[in-house]
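Based on these hints, arrange chains C, V and Y on the given structure of chain R.
The lines below spell out each chain.
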Amino acid sequence: MLDCLTPRHDVERFGITLVGSPRHADILLVSGIVNRQSIEKFRHVYEEVPKPKLVVAVGVCACSADMFRDSYNFVKPVDEIIPVDVYVPGCPPKPEAIISGIIKALEKIK
Amino acid sequence: MSLTEQIKNKFGDKIEMLQRSKKRIYITVAKENAKEVVRYLFSDMGARFSIATGIDNRTAIEILYHMAFDKNGAVVSVRTLVPKPELKMPTFTDIIPAAEWIEREIHEMLGVEFVGHPGLERLLLPDDWEEGVYPYRKKTFESEKENPER
Amino acid sequence: MAKEKIIPIGPFHPLLEEPEYFKFFVEGEKVVDADVRIGYNHRGIEKLAESKTFEQDVFLVERICGICSTSHPFAFVQAAEDISGTQVPERAQYIRTIIGELERIHSHLLWVGLAGHFIGYNTVFMWAWKYREPVLDIFEVISGNRNHYGMFKVGGVRRDIKEQDIPGLLKAIDEVEKFCSMLTKAVMDDPVIQARTKGIGILKKQDAIDLCVVGPVARASGIEIDIRKDHPYAAYDKVNFDKIVMQDGDVFSKAAIRLLETIESVKIIRQCLKKMPQGPIDADARDIGIGEGIGQHEAPRGEVIHYVRSNGSNYPERHKIRAPSFMNVPSFKRTVIGQSISDAALITAAVDPCYCCTERMAVVDRDTNKVLFTGDDLVRLCQEKTEKIKGNMI
Amino acid sequence: MKLPKIRELGEAIKALILGPYTSKFPLEQPVIPDGFRGKPQFYEDDCVGCLACIEVCPARAIEYVDDKKKKLRTLTHHQDICIYCQQCEKACITEKGIMLTKEYDLATFDRRKSITQSKKELVICGHCGEVVAPIDHLKFLAKKVGHLLYANPTLLIARHDELKLLEADQPSDSPHWRSGHLKMLCPNCRREIILKEQW
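Residue numbers (this note's numbering), protein chains in the order written: chain R, 970 to 1079; chain C, 145 to 294; chain V, 30 to 423; chain Y, 59 to 257.
Excised from the complex, chain R in its bound form (with noise of 0.2 Å):
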């Protein structure tokens, strides 16, 4: 993820920065799964984001918590806690399908 910000795929070309707290930011990117223990801290995090607000998940882990779904620590995916509204699926993506889901949130917004 932190490729997207880095001279090969530089995001801020797209006018998309890296903001140091949720208060500041339009888009939520869920990288992991949500434990037991942080999945209260993440709920929170995400009422912090202003509205509007687009949330994108990135990686299988995010979208369905691949193999993690039979651990005794994990309790629900990432979109029955809060809402997705994109999925950028792959183990991990390819920072360009990263970049293409972002862009693919934008467009939801228009």
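No wet-lab data here; the hints were simulated from the structure.
Any given hint might turn out to be false.
Distance condition first, Cα-Cα at most 30 Å in a straight line; then the derived DSSO-like pairs of lysine-lysine [as the list claims (entries may be wrong)]:
| hint | chain 1 | residue 1 | chain 2 | residue 2 |
| --- | --- | --- | --- | --- |
| 1 | V | LYS296 | V | LYS191 |
| 2 | V | LYS234 | C | LYS179 |
| 3 | V | LYS191 | C | LYS215 |
| 4 | R | LYS1022 | Y | LYS171 |
Computed from a predicted model, the values in this text were never measured in an experiment.
The following block gives chains C, V and Y in isolation, referenced to the frame of chain R:
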């Protein structure tokens, strides 16, 4: 003097040694003597404490202390059995400070109480995890009868 | 002790993957105590591994960590081979070594970049990440994916390195070496970086022995452990490389060790590509057998050790995984106390706790239990201090 | 202080000469190397529905549903669970039934719709109605084992069916007759017929 001879000379009958290959040595030792053996390996022979593994073998909890000898590349695993249901084990944190986290982990995952540990708190499991449920325990025949779906 | 947990940005941060939550207790500028709460990413992999076959477990353990995704399969297949006594074909051993070393380069470059970001030296961040891309491209050619290579299996490797790819790979490796030595020089003789990192966050040798730290953290404190040299596995006994050890134990030596190791890794890869013999790549080990085995691998962050017990079936009976950060992270408690908070982010990052988790810190004041700074503020403080030093120098 | 600055300048000049390093992604597609592990795709013509891919999948991304009434087996591959490890392609008995493509841009709005499917006609046991195997699987096996297929009635019938040698089934209530041997039967019924065979 080789590593195995040195350990054998020191402890004699107290330990049972199994050498699976040149670099993998397993020592089985009674619960009371485990600390002495690990202390000797760590302090006197200069081994590095690599990790401890807790295994539920249905009648007891097996704890293996893996000690790595970096000079000759051997790994000595000290095996000891903590019989059920009274799962108590002396803590090793006073001789090996690095054992703090792994003892916390074994405590929450398998329910072994390390007597004398400075803070047996949750390490990995969530704060709202049910007390008395230990994820790494194996199914026993009794528990399977009681709740078969589990 | 502050009991309240006030989390301003949560243990999640948009930039990072593995949530950990550090708490620092401060008095004025000094850090007097530190605490860490992990478990935000606990997925129960050890238990899951018992429900999957040995073949599938390789893919499972690969997904423990996104950065060092080869080190866990590497240790796991060695543990399984330790049980079954399988002899791995020589070509497979060379390919394993190449993958392991490529991963070391990209992991160390990633760390250098992030550390550069923390001290406010964004040039280093951009350089390191720019030069990391060619390494990922090599991975894509060899394994078909930029990460999670899926190359390992019990008894060998899954994919061969094609003969026609080797000249291209050698050329790419040369490029990477040029970048690495440039970056090493850039970091080593930059006066600002030296002023910022030397003598900070020292881990004393005795502490390092007590805490049993591994990898670059241990080598920076003068402990000579490197599994690749001590217990040679794969093809590490057939190639020449140096074990890099430093004595100071501060952030600078940790950074220097990582940078110098990338150059050693390039050397190893070049030797492997040239020496690699022809032959089979897979021993076709289907039956693991009964027994217990230990596999070790020197991952970028230190020694990974897997203990596997097999009961003769397709599924492991017990699978214990020890990642290097498990031993290294507790050491930050010894290094960070007594330092000023503007250095705290850097010191914690110096351990390389599997994706610098420093952005999830909160500074808690002893008296009021109020959160004073968030992780972002810490990074900002850290960057401001660098600016100050820079200003004084010019 | 001078040397690092000179080095930075050198890098800057190099970057100027070499042109931008950033990829022009949406305008130019990246070069995908051979053997890239992209989206898996079922190829219905070559897939025989043998379920080998389901056995090996570490993430259990492939599932199957048998519809006994419609005599249809549906294999569904879920892209949102798949970890793109290529195990299914390696395990495929025809080697072409499921293959990884070079497609990497998989972003979707609904993850449950990002699937690829393979539908296979099933053979149902002539007596108890249990599933025997997909017809393509039996035909594939019959070809593969060659003359050895004469040892296995199910395969033999499948082969005869393909060669259009088979007559229409005689309806009978019990399979325990000798003629029942030449019927598509599930392993359980086959065992029964051999044990209880009546003239």
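Now for the hints, and whether the structure bears them out:
A hinted pair counts as satisfied when its Cα atoms are at most 30 Å apart, and LYS296 of chain V with LYS191 of chain V qualifies at roughly 20 Å. For the hint pairing LYS234 of chain V with LYS179 of chain C, the CA-to-CA distance comes to about 24 Å; that is within 30 Å, so the pair holds. As the CA atoms of LYS191 of chain V and LYS215 of chain C are separated by approximately 37 Å, the hinted pair breaks the 30 Å bound. For the suggested pair LYS1022 of chain R and LYS171 of chain Y, the alpha carbons sit about 23 Å apart, so the restraint of at most 30 Å is met.
Hint 3 alone, counting from the list given before, is not met by this structure.
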